[in-house]
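Chemist: Residues per chain are reported as follows:
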Amino acid sequence: MNMPFLDGVLFIGLIFSAIMTIRSRPLTAALWLAALSAVTALLLYRFGAPEVAVIELSVGAGLITVLLAFAISMAEDESMPASIIPRPLAWLLIFVACGLLLWLILPQLPGMETLAAAEAPFIIQVWENRLLDLMVQIAIIISGVMGVLSLLGESRQAAKPQTEAQP
Amino acid sequence: MTFLQVAFIGIIALLGVGLYALLAGRNLIKAIIALQIMTKAAILALIVAGDAVGRVNLAQSIALTVIVVDTIVAVLALALVVQIKRRTGHLDAAQLTRLQH
Chain G
7 MNMPFLDGVL FIGLIFSAIM TIRSRPLTAA LWLAALSAVT ALLLYRFGAP
57 EVAVIELSVG AGLITVLLAF AISMAEDESM PASIIPRPLA WLLIFVACGL
107 LLWLILPQLP GMETLAAAEA PFIIQVWENR LLDLMVQIAI IISGVMGVLS
157 LLGESRQAAK PQTEAQP
Chain Y
3 MTFLQVAFIG IIALLGVGLY ALLAGRNLIK AIIALQIMTK AAILALIVAG
53 DAVGRVNLAQ SIALTVIVVD TIVAVLALAL VVQIKRRTGH LDAAQLTRLQ
103 H
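First to last, the protein sequences are chains G and Y. So for the first sequence, the numbering used here puts the first residue at 7; every next one is plus one. So for the second sequence, the numbering used here puts the first residue at 3; every next one is plus one.
Think of the hints as simulated: they come from the structure by calculation, not from any bench. Hints are not guaranteed to be accurate.
Covered stretches of chain Y, going by a simulated chain G footprint (3 or more residues, C-beta under 8 angstroms) [as the list claims (entries may be wrong)]: (1) 52 to 65; (2) 90 to 99.
Restraint ranges, calculated between C-beta atoms of paired labels, are given here [what the hints assert, rightly or not]: (3) Y:Ala95 to G:Trp133: 36 to 46 angstroms; (4) G:Ile130 to Y:Gln85: 17 to 27 angstroms; (5) Y:Val71 to G:Ser79: 22 to 32 angstroms; (6) G:Ile148 to Y:Leu82: 28 to 38 angstroms; (7) G:Met80 to Y:Val71: 37 to 47 angstroms; (8) G:Val102 to Y:Asp94: 25 to 35 angstroms; (9) Y:Leu98 to G:Trp133: 34 to 44 angstroms; (10) G:Val15 to Y:Arg89: 38 to 48 angstroms; (11) G:Pro92 to Y:Thr4: 32 to 42 angstroms; (12) G:Asn135 to Y:Arg89: 21 to 31 angstroms; (13) Y:Leu98 to G:Gly159: 20 to 30 angstroms; (14) Y:Thr90 to G:Arg93: 19 to 29 angstroms; (15) Y:Leu82 to G:Ile18: 48 to 58 angstroms.
The beta-carbon is built from N, C-alpha and C at its ideal position, and this holds for glycine as well.
Same shape as in the complex, but just chain G (with noise of 0.2 angstroms):
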């Protein structure tokens, strides 16, 4: 099978928007992140796949933005320091690190193409048959709630000491 076209496009713009990334500062970088949500829910779609693109449309380039946006502006830290390690080195890692799954996967993907097999509708998958990851994200979503308001909480009484000593 031929790659097409349109594919190709989407995958190389999904790569630049990836090293536009990492290169920007933060606020910068939010904004990329924005654009590589954008392209990957339109690959998402590509590949037969648009609820899931539709949410990751919604979520990665909305929410996830928002907030980023929101933290950066609370945090007010657009400093880009030097790297821990050395960059060859971590080069050197990313090289032998994808290289590795290259080497893992890519021989075993021309075999997967024969395995099509029927299946339920998306919403027998989500409701019925993957219950369980439901109803594990609704408390990972009530945990991370429950989370967040803790760390403000926490933040409140930490202020609450200077207002009172400031009299």
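Since the structure of chain G is provided, determine the placement of chain Y on it from the hints.
Modeler: Chain Y alone, transformed into the frame defined by chain G:
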């Protein structure tokens, strides 16, 4: 080389870019952004593999779980980053060597 192999090369390259940002960066917000990049690579790998074997709906339901968990991790990490900035005055991961302040 098949389309699937080229797609996975792109996905692994995206994973590599995210991993490099995680290894080479010291700014905590950039570390969260690097984690986001790596998660997008994982979601794409799930959907591409699911599409290849004709089980894209199963892949979508798993990807949905990944997106939810990733979002909660990002929200909690950002809340922690704001707290770290308030308490220490910086976001340099290399200087966070003590648990007490």
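Chemist: Take the hints in turn and mark each one as holding or not.
Modeler: Evaluated hints:
no. : hint                                    : in the structure
1   : 52 to 65                                : holds (count 14)
2   : 90 to 99                                : holds (count 5)
3   : Y:Ala95 to G:Trp133: 36 to 46 angstroms : holds, 41 angstroms
4   : G:Ile130 to Y:Gln85: 17 to 27 angstroms : violated, 42 angstroms
5   : Y:Val71 to G:Ser79: 22 to 32 angstroms  : holds, 26 angstroms
6   : G:Ile148 to Y:Leu82: 28 to 38 angstroms : violated, 18 angstroms
7   : G:Met80 to Y:Val71: 37 to 47 angstroms  : violated, 24 angstroms
8   : G:Val102 to Y:Asp94: 25 to 35 angstroms : holds, 27 angstroms
9   : Y:Leu98 to G:Trp133: 34 to 44 angstroms : holds, 42 angstroms
10  : G:Val15 to Y:Arg89: 38 to 48 angstroms  : holds, 45 angstroms
11  : G:Pro92 to Y:Thr4: 32 to 42 angstroms   : holds, 37 angstroms
12  : G:Asn135 to Y:Arg89: 21 to 31 angstroms : violated, 45 angstroms
13  : Y:Leu98 to G:Gly159: 20 to 30 angstroms : holds, 22 angstroms
14  : Y:Thr90 to G:Arg93: 19 to 29 angstroms  : holds, 26 angstroms
15  : Y:Leu82 to G:Ile18: 48 to 58 angstroms  : violated, 35 angstroms
In summary, the structure is inconsistent with hints 4, 6, 7, 12, 15 from the numbered list given earlier, while agreeing with the others.
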